[in-house]
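Novice: Chains as they are written, first to last, in the working numbering: chain A, 35 to 129; chain B, 1464 to 1881.
A portion of the hints provided could be inaccurate.
[Stated by the list, open to error] Cβ-Cβ distance ranges computed for the label pairs, FRET-style: (1) Leu57/A to Thr1619/B: 41 to 49 Å; (2) Ala1630/B to Ser112/A: 53 to 61 Å; (3) Ala1606/B to Asn125/A: 51 to 59 Å; (4) Ala1555/B to Asn125/A: 19 to 27 Å; (5) Gly1850/B to Glu114/A: 18 to 26 Å; (6) Glu115/A to Ser1689/B: 50 to 58 Å; (7) Gly1826/B to Arg99/A: 19 to 27 Å; (8) Ile1565/B to Glu114/A: 42 to 50 Å.
[Claimed, not checked] Calculated lysine to aspartate or glutamate pairs in the DMTMM-like style (CA-CA distance at most 20 Å, straight line): (9) Lys1616/B to Glu1605/B; (10) Lys109/A to Glu1605/B; (11) Lys109/A to Asp1844/B.
Note that these hints are calculated values from the structure, not bench results. These numbers were taken from a predicted model, which means no experiment stands behind them. Glycine residues also receive a C-beta, built at the ideal position from the N, C-alpha and C atoms.
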Amino acid sequence: MRHAALFLIVMAGTALPVSAADLRPPPGASSCSGCHGDGAAMAVIDGRPEAEIAAAMAEYRSGTRPASVMTRIAKGFSDEESRAIAVYLANRKAQ
Amino acid sequence: MTNPTRRHFLAAGTAALAFPRPSLAQSSPKVVVIGGGFGGATAARALHVGGLDVTLVEANPTYVSCPHSNEVIAGLQPMTAQRFGYDGLARAGIPVVHASAIGINPAGRRVTLAGGDTLPYDRLILSPGIELRFDAIPGYDEAAAELMPHAWKAGTQTELLKRQLDAMPEGGTVVLSVPGNPYRCPPGPYERASLIAHVLKTRKKRAKLIVLDAKDTFSKQKLFQSAWAALYPDQLEYVPLASGGQISAVEPGTMTVRTDFSDYKADVACIIPPQRAGRIAATAGVADRSGWCPIDPVTFESKLVPGIHVIGDAAIAGAMPKSAFSANAQAKVCAQAVIDLLAGRAPQEPKLINTCYSLVAPGYGISVAGVYHPANGVLADIEGAGGTSPLDAPASLREQEALYAADWYRTITQQVFG
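Required output: the full structure, derived from the provided sequences and hints.
Specialist: Structure representation (structure tokens):
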């Protein structure tokens, strides 16, 4: 299945990338799973509601929500980038 | 159908023109990943999930993790917590070949394995970690490391240093030497110093640790030095470069560590030598004269050899430190770029995160974090983001960060090897 899907992408050149590109993690998103996983204090964020993730990032950035590390990380992302990450993570299956 | 597609493919940009592979007649592009550590194993998983035909080449059947190995040395964690097999990757459907890669032919796009087998690739990812430079410190060669362990590649060296420390008499002297930048795990030597000092404080009366550093500044310095002053004032003596901390030679026979100013007699000597990218990087021609590998900050493709990407400790990743977290983050970005390039699509500009925890005592953790983006051809810090734990913090935060350190280790190893 995977091979078939990739074959389509390759064969279609730029015809498919609108949807294929949507599956790509937006800048920064793929780093999150370095900490956020099952059974950790840094809880799983895959599959969490988009609004919840975006709001958390905004609050970490502004400092209204305390955290040990996320306050430092959130400052590396704009509101727009945070929302893109939130959309991506919300659409991932919790692992 | 064919012509517009072809036209689109070519129009995708110079990347597509420069790398005509894979042939459109092939069913699936092949990617070979060399090195099954935090970087390579992560890359193999991401490529597999992305639908590519990936093979992971790793010489050893068991991976021994460097992160948290300082806790093993201090007797706070069993060695079994450092060992990981490759069954998890095999179960995920990823072919793992346990052989040394000994040759790379970039023009023919083939990897040669010890024994003579070859693996073709459309793109190759190297995640070879580090090689210790046994030519850098007079007297410090592989034989010397059996008496004065580096323990900077985890495994028997970790266990040797632990045994030596356990066997050291009360009132003994430990010497720990730290190299100049760059090297694997910038805060690692200082975490090691902290946890050795903890061993001395709790189990070795009147024993001392002398840290000889080839530089004057280091990662999380204020946090470490403030913790040392509070916890280990009688155990730990720090000698920076400016005070003569750079070692000039070692004499394993007499357990002597020399600087230009003094000779230090040690009961236990841990010598962390300068390093370079793992050997296959030089074989492939992707290492420059520094011994490390210059890469494109968007794709992690070598600036020296097209079609070969380098991630993890071996790469010159600008402001990103050589850490397991970095290697994991880079692997995912690199894998996506490889998927994009093989699909004739331009990779997008990434952002990457690093977080590193260090333990200065049981229940006392500190951290440094950073967010990075490509700028002026390198991975640069995003201004205003990242930084260390606060210098003034309640014990509860140190405790929380120690807990996060343990949870990070469990999460990342489960994600990579589980």
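Novice: Indicate, hint by hint, whether the structure satisfies it.
Specialist: How the hints compare with the structure:
no. : hint                              : in the structure
1   : Leu57/A to Thr1619/B: 41 to 49 Å  : holds, 43 Å
2   : Ala1630/B to Ser112/A: 53 to 61 Å : holds, 55 Å
3   : Ala1606/B to Asn125/A: 51 to 59 Å : holds, 55 Å
4   : Ala1555/B to Asn125/A: 19 to 27 Å : holds, 21 Å
5   : Gly1850/B to Glu114/A: 18 to 26 Å : holds, 23 Å
6   : Glu115/A to Ser1689/B: 50 to 58 Å : violated, 34 Å
7   : Gly1826/B to Arg99/A: 19 to 27 Å  : holds, 25 Å
8   : Ile1565/B to Glu114/A: 42 to 50 Å : holds, 48 Å
9   : Lys1616/B to Glu1605/B            : holds, 13 Å
10  : Lys109/A to Glu1605/B             : violated, 45 Å
11  : Lys109/A to Asp1844/B             : holds, 12 Å
In summary, the structure is inconsistent with hints 6, 10 from the numbered list given earlier, while agreeing with the others.
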